[in-house]
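Here the structure of chain A is known, so what remains is to put chain B in place on it, guided by the hints.
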Amino acid sequence: MTEGDEMYDDLDLSTRLAALEMRAPGTAQPPSLPGRRRRGRFAISMAMAPALVLAVVATSAGAAAVVSNLVRGYPGIQNAGQPLAGAHMECMSPPDAAAFLAAHGFTDVDWQIEGGDPNEKINGQDATTSVHQAVPPAHGFVVPGSILDDGSVIMIVDQRVGATGVGDCFGQPMP
Amino acid sequence: MTSIETTAAARTTRAAASKGDPDAFEAAVRPHYANLVRRLVLVLGDERDAEDIAQDAYLRAFRSWDRFDGTDVRAWLYTIALRLAFNHLRGRRRWLSAIGRVEPRTWSDPSDPDLWAALGALDARTRSALLLNIVDGYTQAEIGTMLSVPEGTVASWISRGRAALRRDLGRDR
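Going down the list, the sequences are from chains A and B.
Take the first sequence: its letters are residues 0 to 174, numbered as in numbering that gives the first Met the number 0.
Take the second sequence: its letters are residues 0 to 172, numbered as in numbering that gives the first Met the number 0.
If we strip away everything but chain A, and leave its shape as in the complex, we get:
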């Protein structure tokens, strides 16, 4: 194995591990600190709860289906031997990643946008959202995806509160 192969492997591993961690449950609330009451964090959002709950219900099933297809059976688009090996799209803004994909012939892209606050719960349910759209969002951390059988590409954009980015761009400001 060459040094270049190891670099690509690490990038692939980094992306897969970051995606794996993103799917792990993380909606638990931190405990109340001693000597203080938890702030009323639902005071404003309760008015929007019905709409948000509907949004979560409407998107979660589709999101689960697509996420389940993201890695299994489909190598990452930046893997060694894949068309965009080593492209570092995780360091691009979503519009820049879209332009980069288009420049390489990938115009059929499904953008899966993860949003919301993982620390919030609405009626005891996870309040994060997952929506799909054909155009890239303006902001967010790109998690490079895979090329599916029909030639389309799926890309994840993490806009959640506390999102950190992946790979070489971990900890950088959200594009």
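No wet-lab data here; the hints were simulated from the structure.
Since the model is a prediction, treat every value here as computed from it, not as a measurement.
A virtual CB, placed ideally from N, CA and C, is assigned to each residue, including glycine.
Wrong hints could be hidden among the right ones.
[Unchecked claim] Computed from the model, here is a short list of chain B residues facing chain A with C-beta under 7 Å:
1) 30
2) 33
3) 36
4) 37
5) 46
6) 108
7) 111
8) 114
9) 133
[To be verified] Taking lysine to aspartate or glutamate and the EDC-like style, the derived pairs with C-alpha atoms no more than 20 Å apart in a straight line are:
10) 120(A) <-> 51(B)
11) 120(A) <-> 50(B)
12) 120(A) <-> 141(B)
13) 120(A) <-> 46(B)
Positioned in the frame of chain A, the structure of chain B alone reads:
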């Protein structure tokens, strides 16, 4: 400035200037909580245990807030939590051994089962070191400090862990 240094600088907080302030603690630490729980799920393999350890780590961090050096709050929180997790695993293994049961792994990832299985086959310290290095970008020296082991030990864990993952994922060429 290297990318790692840039990352470290981005992680830097002004926490040192707000010792003992619960609001400052929550503002600095809370954004890392959800990711901490996720990391602990990967390390412990058990969602309930991960939540318990994360809560314990959060409260311990609060009690130690005045001793935090103000540099990398994420690394500091993860250090507290991972040490608690390793202690918990030691206790759990002893207990399971005493009653003759095998280690349970109650969370599983249906989307990438090969990676989850390969990761689960590593011991918890190797798994933690790999995640801190490959996903978070911490150096081997930084990980050594976090896990209280020599840098060479971290290098060995990461090297063996990478090799095991490549082998288990069928990427050994």
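Do the hints match the structure? See the list:
The criterion of a C-beta within 7 Å of any C-beta in chain A is met by residue 30(B), whose closest approach is roughly 4 Å, and the hint holds. For residue 33(B), the interface hint holds, the least distance from its beta-carbon to any beta-carbon of chain A being 4 Å, beneath 7 Å. A least Cβ separation of about 4 Å between residue 36(B) and chain A falls short of the 7 Å threshold, and the interface hint therefore holds. Taken as an interface hint, residue 37(B) checks out: its beta carbon lies about 4 Å from the nearest beta carbon of chain A, inside 7 Å.
For residue 46(B), the interface hint holds, since its Cβ comes within 7 Å of a Cβ in chain A; the closest pair sits about 5 Å apart. Hint on residue 108(B) holds. Least Cβ distance to chain A is approximately 6 Å, under the 7 Å limit. Given hint, residue 111(B) at the interface with chain A, holds; its Cβ is 5 Å from that chain's nearest Cβ, closer than 7 Å. Using the Cβ-Cβ criterion of 7 Å, the hint placing residue 114(B) at the interface with chain A is satisfied: the shortest such distance is roughly 5 Å.
The criterion of a C-beta within 7 Å of any C-beta in chain A is met by residue 133(B), whose closest approach is roughly 5 Å, and the hint holds. Distance restraint check for residue 120(A) and residue 51(B): the Cα-Cα separation of roughly 18 Å lies within the 20 Å cut-off, and the hinted pair is therefore satisfied. As the CA atoms of residue 120(A) and residue 50(B) are separated by approximately 15 Å, the hinted pair is consistent with the 20 Å bound. Between the alpha carbons of residue 120(A) and residue 141(B) the distance comes to roughly 34 Å, so the proposed pair goes past 20 Å and is violated.
With a CA separation close to 17 Å, the supplied pair residue 120(A) and residue 46(B) stays within the 20 Å bound.
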